[in-house]
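Protein sequences, first through last, are from chains C and S.
Reminder that position 232 of the first sequence reads as 232 in the UniProt record's numbering, one-by-one numbering, no gaps.
Reminder that position 59 of the second sequence reads as 59 in the UniProt record's numbering, one-by-one numbering, no gaps.
It is possible that some hints are incorrect.
So the derived label-pair ranges between C-beta atoms look like this [unchecked claim]:
1) C/Ser51 to S/Gly27: 54 to 62 Å
2) S/Asn270 to C/Val223: 20 to 28 Å
3) S/Leu479 to C/Asp138: 36 to 44 Å
4) S/Arg81 to C/Ser175: 21 to 29 Å
5) C/Gly35 to S/Glu87: 43 to 51 Å
6) S/Arg62 to C/Gln36: 30 to 38 Å
7) C/Thr142 to S/Ser373: 50 to 58 Å
8) C/Val223 to S/Gly27: 39 to 47 Å
9) C/Asp138 to S/Glu473: 40 to 48 Å
10) C/Ser240 to S/Glu87: 52 to 60 Å
11) C/Gln36 to S/Glu250: 20 to 28 Å
12) S/Glu87 to C/Leu238: 36 to 44 Å
13) S/Gly27 to C/Arg173: 28 to 36 Å
14) C/Arg59 to S/Arg40: 42 to 50 Å
Computed cross-link-like contacts, DSBU-like style, restricted to lysine-lysine with a CA-CA straight-line distance of at most 30 Å [as the list claims (entries may be wrong)]:
15) S/Lys101 to S/Lys90
16) C/Lys103 to S/Lys495
17) S/Lys74 to C/Lys15
18) C/Lys15 to S/Lys254
19) C/Lys212 to S/Lys254
20) C/Lys212 to S/Lys101
21) C/Lys103 to S/Lys491
22) S/Lys74 to S/Lys254
23) C/Lys210 to C/Lys65
24) S/Lys254 to C/Lys210
25) C/Lys210 to S/Lys467
26) C/Lys212 to S/Lys74
27) C/Lys210 to S/Lys495
28) C/Lys65 to C/Lys212
29) S/Lys101 to C/Lys15
The set of hints was computed from the structure by calculation and includes no laboratory data.
Small disclaimer: the values here were computed from a predicted structure and weren't measured.
We put the beta carbon where it would ideally sit given N, CA and C, even for glycine.
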Amino acid sequence: MKTVSLGANRPSAVKFRMPTRDNLVPIRVDVEVDGQRYRDAFTWNPSDPDSEIISFAKRTAKDLKLPANFVPQMLHSIQGQLAEFRSYEGEEMQIREKIVPLKIDLRINNTVIRDQFLWDIGNLDSDPEEFARTLCDDLNITDPEVGPAIAVSIREQLYEIASQSVSAMREARVSKKGRRAPEFASNSKAMHNSLDLFKYFGSKGSVVRKRKEWYLYEPVVDVARKEEVGAIDATEELSSRNA
Amino acid sequence: MSPPAAGAASSGEAPPRELYTIPASSGWFRWDEIHETERRALPEFFGGAGGSGFGTASRNPRIYREYRDYIISKYREDPSRRLTFTEVRKALVGDVTLLRKLFAFLDASGLINFSASPSRPAPQKKPDAEAILEAPVGLQVTPRPPASYFVEERGGGGGENGFRLPPLTSYSDVFGEWAPGRGPICGFCGEECSDGSVQTLKDGFKVCSNCYANDESTGEANKHLGDKKERADNHASSAWSDAETLVLLEGVLKHGDDWDLISQHVRTKNRSECIARLIQLPFGEHMLGTINGKSDSKLHKNQTTERKVDKYIVKESSSQPTETVDGMQIDENKNDTDKSNEERPTKHRRLFSSIDPTVSLMEKLVLLTTSSSPDVVAAAADAAIKALGNENPLARKAFHLSEKEYRTRAFSSICARQGDGIVGGQDAEMLGHSVPGNKKGKMFISTTYQVRAAVATALGVAAARAKMLANQEEREMELLMASIIETQLRKIQYKIKHFEELELIMDQEYATIQQIKASLVNEWLQVLKQAFEAGVPIPRDEVLMQLFQNKPTL
């Protein structure tokens, strides 16, 4: 009968950037000095001048009452991640419509949230912050730190995907495999779990999921009590030290 | 997946048939079509910025329809609860950003969450179709004062000493204790201001100096008005406690439009108080609108503001009765024309306004006249006055008509004036003033007759309107029946087509099978021949025998 052609799945090449509306880089900092630990995750605008990083680090240390010897390490960490991002910036990457599942598995203060949803990494208009905000509003999460943490987690996953596609292209070019290789390479190496479009979008499929599968794509939120939080903290600490 | 189309935008199909009220602003929506608005708002599904193409495999109109129909059906399963994006996205396959955009579009255009109570605690920007939580400062939406407020009547105004009209008069309703010759009434506390102590607020409202002083100190006009409302309420009966309000809301949700049942439900309040209270609640108008089939209370607010505006106009003009009569009436006419042109009140609304016995006749008349054009009203008034004139020759005098005028019926303007009388009682006043020297007796007659004329007009107008509505209903029913029949026919046609196709395919397959069978048999023949020639012993094959024997009959 009818066949559906995945016509507009043509890749277009753009300069490397975060495939979101705002080109913000996720930064994760984990610094330990003299038994004190500072862990944080936030987004940074790579077009901000570097002088901003120093003032940000100093102000953060002051706000959290950390000793001054935290600052150089924080600085180093942030600058390193930014440099890595910038190293990709000159490259080109393939942007095509590709729907991948993203996962959230976070614990923020005493809220635990697990979720899974589909994200089109070719949609340059996507907004992780808005998604996180909607999620927190719909689930009535009152802790204001949960939203940004979710957004950062999404960005990290998107960043990973984007950088993978860039490095795949780079390799392919280096090995002189010709133009078709990058597509295949990125197809196989990059998201191995990219969505089987035909199953849902084809003429016989339906984009409405079966009810028994709903639980997979539904967010699960747990608000742990204080004692549990302490216990979870301790176990995490131990495991990260040993790792 | 999509329910069968029923044509009318105000009903969704689900057995048993339920009526969904949707905001008038989203009346363009159809189940089996994609409207221009949708194409423009979500061009990704339709092939890019132009919005007219067919998109890609994962973004095309069919997919869009599935998403949209699913979300809207999901919302309509329970229209009173707010559908959240997270609930629907777990059941839909696709990019969450795009789904979010689609969801936001449906929300903003009033196709979902239009009658869900706003439940967000944090301040958010709400779509326009939802309840307005408070009146803007400049606008004062005064609720209809409860019944007892009207009870203090002064017999048709100061001009008719010693005569008390039955409580149908509107004059006292409008002016309360005001009468010509007394000072202006303060807009806030309702009392007469002593001369010279009148202040004017910035929106032109006249207040007495006491209230002005109070107002300045509190600094909030609304608050004072709230006090007045409460005082009026207290004056009528006990104030509304929280429990009573809760019971009232329950009653409204359960009984909808039936104020008798609601007042029974709220045992301690009579129906007019219930209505007044509901209006006072922040989203009361919204609920009324929902019940009555219109989720925006434009009509109602228009009514109340119009009444207030009229009060104000009348107050202003009270000092110059004759000159401003015409101007005011012309305003009235314009108001009515505007209203009748811009909205069609539903049946429910009509029912509501006519049942309430505490509303004065004149006000009811006004509500009715707003539903039809002034010409209809004029014609009805015409007929009424003529009939009354036939009844009693005095009536003609009362209407100040010369014989000639009466016959030629060239007085539609006068009739319109009288027919439109929200200030019908004041008509009596004005006419009384403009014809000085009339005896009391004449004025007495003129008033009654005018009242009767007004009543007759009301009846005439109501009858005309009812006939119109009945015709409309009939036509709607026919239309619906026709569409149902058409849908059934189409269904059957599809089935027939489907079966025909199947038959064709079966025929082809049958022919192929025949061919294959024939070729198989031939092959066997060849094999046997060769085996025979080669002298190979052939076991007797029952099946083959049968095949050969059966062959001619196949």
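Quiz item: Where does the structure disagree with the numbered hints, that is, which hint numbers, in rising order?
Solution: Result: hints 2, 4, 6, 10, 11, 13, 16, 17, 18, 19, 21, 23, 24, 25 and 28 break, sorted rising.
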